[in-house]
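Engineer: So the chains spell out like this:
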Amino acid sequence: MSNVPLIEISNISKYFAKVIANQEVSFQIHKGEVLCLLGENGAGKSTIMKVLYGLYKADEGQILVNGEEKEINSPKDAIALGIAMIQQHFSLVQAHTVTENIILGNVHGRFNIQTYNKIVADLSARYGFEIEPTAVVKELPVGVQQKVEILKALYQNTQLLIMDEPTAVLTPQESESLMKFVKQNTQEGKAVVFITHKLREVMEVADHIVVMRNGRVVGDLRKDKTNELELSRLMIGKEITNRTYIEDPHFNQQPVALELQNISVRDPKEDMYRIKEINFQVRKGEILGIAGVSGNGQNFLCDAISGYQKLDTGKILLNGVDISDQNARERIQKGISYVPSDRQRYGLILSMKLEENMLLKSSFEDKWVNRGLIDYNKLEAYTNDKIREYDVKATGPDSLAGSLSGGNQQKVILAREVDIGSEVIIFDQPTRGLDLGAIDHIQRIILEEKKKGKAIVLISTELSEIFGLSDRIAVMYKGEFVGVYKNHELDTQKIGLLMAGYTAEGGKTDVQ
Amino acid sequence: MSSKFRDLLVTNILAVVAGLVVSGLLLLFLGKNPLEAMGTLFGSLFRDGYTVADIFVKATPLMFTALAFGFTFKANLFNIGAQGQFYLGAVTAVGFSLLMEGRLPGGLALVLIAALTILAGGLWGGLIGWLKARFNANEFLVSMMSTYVALNMMNYALRTFLMETKAEYPQTNPLDTSVWLPIFIPRTRLHIGFILAVLACVGIWVLLYKTPFGFRVRAVGNNKDAAEMAGISSKQIYIAAFFISGALAALGGFSEVNGVQHMLVQNFNPGVGSAGIGIAILANGDPIGIIFASILFGALQVGGNIMGQLSGIPSSIIDLMLGFVMVFVILSYYVREVWEDRREKARLKKAVNL
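For the protein sequence lines, the chains are B and F, in the order given. Sequential numbering from 1 applies to the first sequence in our numbering. Sequential numbering from 1001 applies to the second sequence in our numbering.
Think of the hints as simulated: they come from the structure by calculation, not from any bench. Just so we're clear, the structure is a prediction, and the values are computed from it rather than from any experiment. Hints may contain errors.
Derived pair list, reagent style BS3-like, types lysine-lysine, alpha-carbon separation capped at 25 Å [claimed, not checked]:
| # | chain 1 | residue 1 | chain 2 | residue 2 |
| --- | --- | --- | --- | --- |
| 1 | B | Lys57 | F | Lys1210 |
| 2 | F | Lys1224 | B | Lys310 |
| 3 | B | Lys367 | F | Lys1349 |
| 4 | B | Lys353 | F | Lys1350 |
| 5 | B | Lys486 | B | Lys284 |
| 6 | B | Lys269 | F | Lys1235 |
| 7 | B | Lys393 | F | Lys1350 |
| 8 | B | Lys269 | F | Lys1224 |
| 9 | F | Lys1235 | B | Lys393 |
| 10 | B | Lys393 | F | Lys1004 |
| 11 | F | Lys1004 | B | Lys353 |
| 12 | B | Lys378 | F | Lys1345 |
| 13 | B | Lys353 | F | Lys1345 |
| 14 | B | Lys353 | F | Lys1349 |
| 15 | B | Lys367 | F | Lys1350 |
| 16 | B | Lys393 | F | Lys1345 |
| 17 | B | Lys353 | F | Lys1032 |
| 18 | B | Lys353 | F | Lys1210 |
| 19 | B | Lys334 | F | Lys1224 |
| 20 | F | Lys1235 | B | Lys70 |
| 21 | B | Lys276 | B | Lys315 |
| 22 | B | Lys57 | F | Lys1349 |
| 23 | B | Lys353 | F | Lys1166 |
| 24 | F | Lys1004 | B | Lys310 |
| 25 | B | Lys223 | B | Lys276 |
Sequences and hints are given; from them, build the entire structure.
Structural biologist: This is the structure:
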């Protein structure tokens, strides 16, 4: 390995209109190595790579290629520097043949397609890809389409190949052959960046691992000097709470409030299950914690309970009554509330006032209406009370929700949902991205609601939070429950292994 | 908030001025003095009561079509078809007026005609909303194309069952004075359609900002995902918003036919739909702002017409001038978006670097 890195990313920051996507990100990519960019969804992995590929322009920082600072303003610049990126969604012309796709943009004037068919066939054979150059792309399976993308990069004599979640669309066998290719490619002195949130893949393929979290680099390690546990801790974050679980001896004596029977949601486009055959019960006054790395179907589960997502199979019962056919509005009226993980998109209307956000879920109810008009005096007084009760830092009920900090926005959602959720409250990542004070406050609210006898579903990727609050803990992996345990039945290490797709004993689970 | 409002004022004033300046430059090519022409334009507006009242007469249909665009705009929908809905309303109004005149007392007939116009325009608009809700059709294109359907339906009606008894021109018989909208300032053309339009603006403002339904319309417009999550059906909102929008534009047709034209002539008021879009954007979709923006456009129309008559400038210059103002007003909307975006980013950077 030479001392001058192939690519050096130095202090890159990227802001979108309302979020920080990358903040002072720095790391190096060397020739002949596989670098895994590891992190949860939304950690900023794809963003930093899109900056490198010229799709986004960095707001601060530099990119050095072979030690020289370069301006990369478009993918064209990146390709000229030997950088190629395979997006999650492929950029192939579906109606064209493999060869046509590969030479697209690289040939000019008159040319003989036969010559290029031969070149592509040779290239494909060299890497053992077995791709017919004259095949039309739309008739190829997804795994092969990905290989066409890779061939396209190889054809352009790429020095650095960036792959964004390449295994998300592949079968296990296809994944394996992809890994083989990645290793072969780096033996030739080229570099590969592998963006993923799957620990298992990282351990299999990486030489060098950069862990990202909330837009920052939180770990830069060699694979042989680390292990799954350390990585999962880095990825999930440091222990955000030292709250210890207080055993509730009565939690399993109360009547069942929420029951899910065999719930499945399919994604017809991707031909896969988002959640599969989920069964559980939550009793009144019980907190069921659902642990899992984000992106394993938690959102779909929450949406299914709240009525936002249609079920393909299964039933949902509330206090013994089947509510599977009721829509979101009816379920809200029945007392099911939901604190979504993407609070700015699903929980609030940022361009509206706080009082209007408090009204959002109860605009159909009579209590806020006086002779056909919204009773703004009452609503304002109510919002003011909630601002005080939940200690929301805002100038008043007419502040725009978008002007508040993340923690205060979450408190507003909580204030609303706690009032609506007379029976069941779903908390999806209620403390993600918040500071310690806000986290503590929100966790106390969750415990208070438990005391009031509400059934609570708590989804979190923060294990310390799950362990600190839940009476029972379920682990979700690839849309399925891999186990439901009483708190303290398993330690954090074992739950962590389950979350990463291993059995509690360290072997691989059969969930694929 | 205040910086947003400042942007709105600054960009709109700049847009109107830019429109006047560019059309003024075109006057130079005609060998006319633009300053003189503009002087005539604004000076002549207040020469007599009839002219002043005419500003409000011209503003009336604009308020309706601007409301039609502005209302759906609040639900983040684009109703580009107000022109067609306006024509549909005009056909409905003239048809029922001819049917009812002399058979029913004037007042009762007018109320019935208005109600039927609302229904016709509402169903026409509601269909666009339904197509959007049911098939996720692009409401922009559907509403735009629906204008041509409505236009040709009007032309068909004017050459067949609504055609004048003389059967000479594609136009209707004049309406009986009993179904004319009463004029409330004597010796002017200012009819109660203007009051109806102002009431419609105020009513839509109340509906949007004071009622639960209007709240839901705005909620869907501002963040459809969060609204859906809150149990608000965006599909129902799409249909309802387009129903109301279509009904408003159709009322504009009613007020023109029964208030000003007193008959239906082929291709009358061809720019009322597009001017409505400009006005709504000038007013940032706010119903009260639409009242004032419509009056401004009405004044430009009236003043432009007089300018044409007095200074021998071809009257097409006036349409050109309004067109330029509108183009700049619409551009200013995007300028504001860019400014807002830049401000958000700066705020974020500042917060990070503290």
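Engineer: Run every hint past the structure and note whether it holds.
Structural biologist: A quick look at each hint next to the structure:
1. A threshold of 25 Å between alpha carbons decides the hint, and for lysine 57 (chain B) with lysine 1210 (chain F) the separation of about 43 Å lies outside it, so the pair is violated.
2. Distance check on the hinted pair: lysine 1224 (chain F) and lysine 310 (chain B) sit about 18 Å apart at the alpha-carbon level, within 25 Å; holds.
3. Taking the CA atoms of lysine 367 (chain B) and lysine 1349 (chain F), the gap is about 42 Å. The hint is violated against a cut of 25 Å.
4. Between lysine 353 (chain B) and lysine 1350 (chain F) the alpha-carbon distance is near 24 Å, which keeps this suggested pair within the 25 Å criterion.
5. The hinted pair formed by lysine 486 (chain B) and lysine 284 (chain B) meets the criterion: a straight-line CA distance of about 16 Å does not exceed 25 Å.
6. Proposed proximity of lysine 269 (chain B) and lysine 1235 (chain F) is supported: the alpha carbons are some 23 Å apart, at most 25 Å.
7. Proximity of lysine 393 (chain B) to lysine 1350 (chain F) is assessed by CA-CA distance (about 19 Å); at most 25 Å being required, the pair is judged to hold.
8. The suggested pairing of lysine 269 (chain B) with lysine 1224 (chain F) holds, with an alpha-carbon distance near 23 Å, which does not exceed 25 Å.
9. For the given pair, lysine 1235 (chain F) sits about 35 Å from lysine 393 (chain B) by alpha-carbon distance, which is inconsistent with the 25 Å threshold.
10. A threshold of 25 Å between alpha carbons decides the hint, and for lysine 393 (chain B) with lysine 1004 (chain F) the separation of about 22 Å falls inside it, so the pair holds.
11. As the CA atoms of lysine 1004 (chain F) and lysine 353 (chain B) are separated by approximately 15 Å, the hinted pair is consistent with the 25 Å bound.
12. For a cut-off of 25 Å, the pair hint linking lysine 378 (chain B) to lysine 1345 (chain F) is broken: about 35 Å separates their Cα positions.
13. Between lysine 353 (chain B) and lysine 1345 (chain F) the alpha-carbon distance is near 21 Å, which keeps this suggested pair within the 25 Å criterion.
14. Proximity of lysine 353 (chain B) to lysine 1349 (chain F) is assessed by CA-CA distance (about 24 Å); at most 25 Å being required, the pair is judged to hold.
15. A threshold of 25 Å between alpha carbons decides the hint, and for lysine 367 (chain B) with lysine 1350 (chain F) the separation of about 42 Å lies outside it, so the pair is violated.
16. Pair hint lysine 393 (chain B) plus lysine 1345 (chain F) holds up; C-alpha atoms about 22 Å apart against a cutoff of 25 Å.
17. Straight-line distance between C-alpha atoms of lysine 353 (chain B) and lysine 1032 (chain F) comes to about 52 Å, which puts the hinted pair past the 25 Å bound.
18. Restraint check: the Cα-Cα separation between lysine 353 (chain B) and lysine 1210 (chain F) comes to about 14 Å, which is no more than 25 Å; the hinted pair holds.
19. At roughly 22 Å between alpha-carbon atoms, lysine 334 (chain B) and lysine 1224 (chain F) fall within 25 Å of each other, so this suggested pair holds.
20. Among the hinted pairs, lysine 1235 (chain F) with lysine 70 (chain B) is inconsistent with the structure: their alpha-carbon atoms are about 49 Å apart, more than 25 Å.
21. Proposed proximity of lysine 276 (chain B) and lysine 315 (chain B) is supported: the alpha carbons are some 13 Å apart, at most 25 Å.
22. Proposed proximity of lysine 57 (chain B) and lysine 1349 (chain F) is supported: the alpha carbons are some 15 Å apart, at most 25 Å.
23. Of the supplied pair hints, the one linking lysine 353 (chain B) and lysine 1166 (chain F) is violated, its CA atoms being roughly 60 Å apart against a limit of 25 Å.
24. With a C-alpha separation of about 40 Å, the suggested pairing of lysine 1004 (chain F) with lysine 310 (chain B) is violated against the 25 Å cut-off.
25. This hinted pair does not check out: lysine 223 (chain B) and lysine 276 (chain B) have alpha carbons roughly 33 Å apart, beyond 25 Å.
In summary, the numbered hints that this structure violates are 1, 3, 9, 12, 15, 17, 20, 23, 24, 25.
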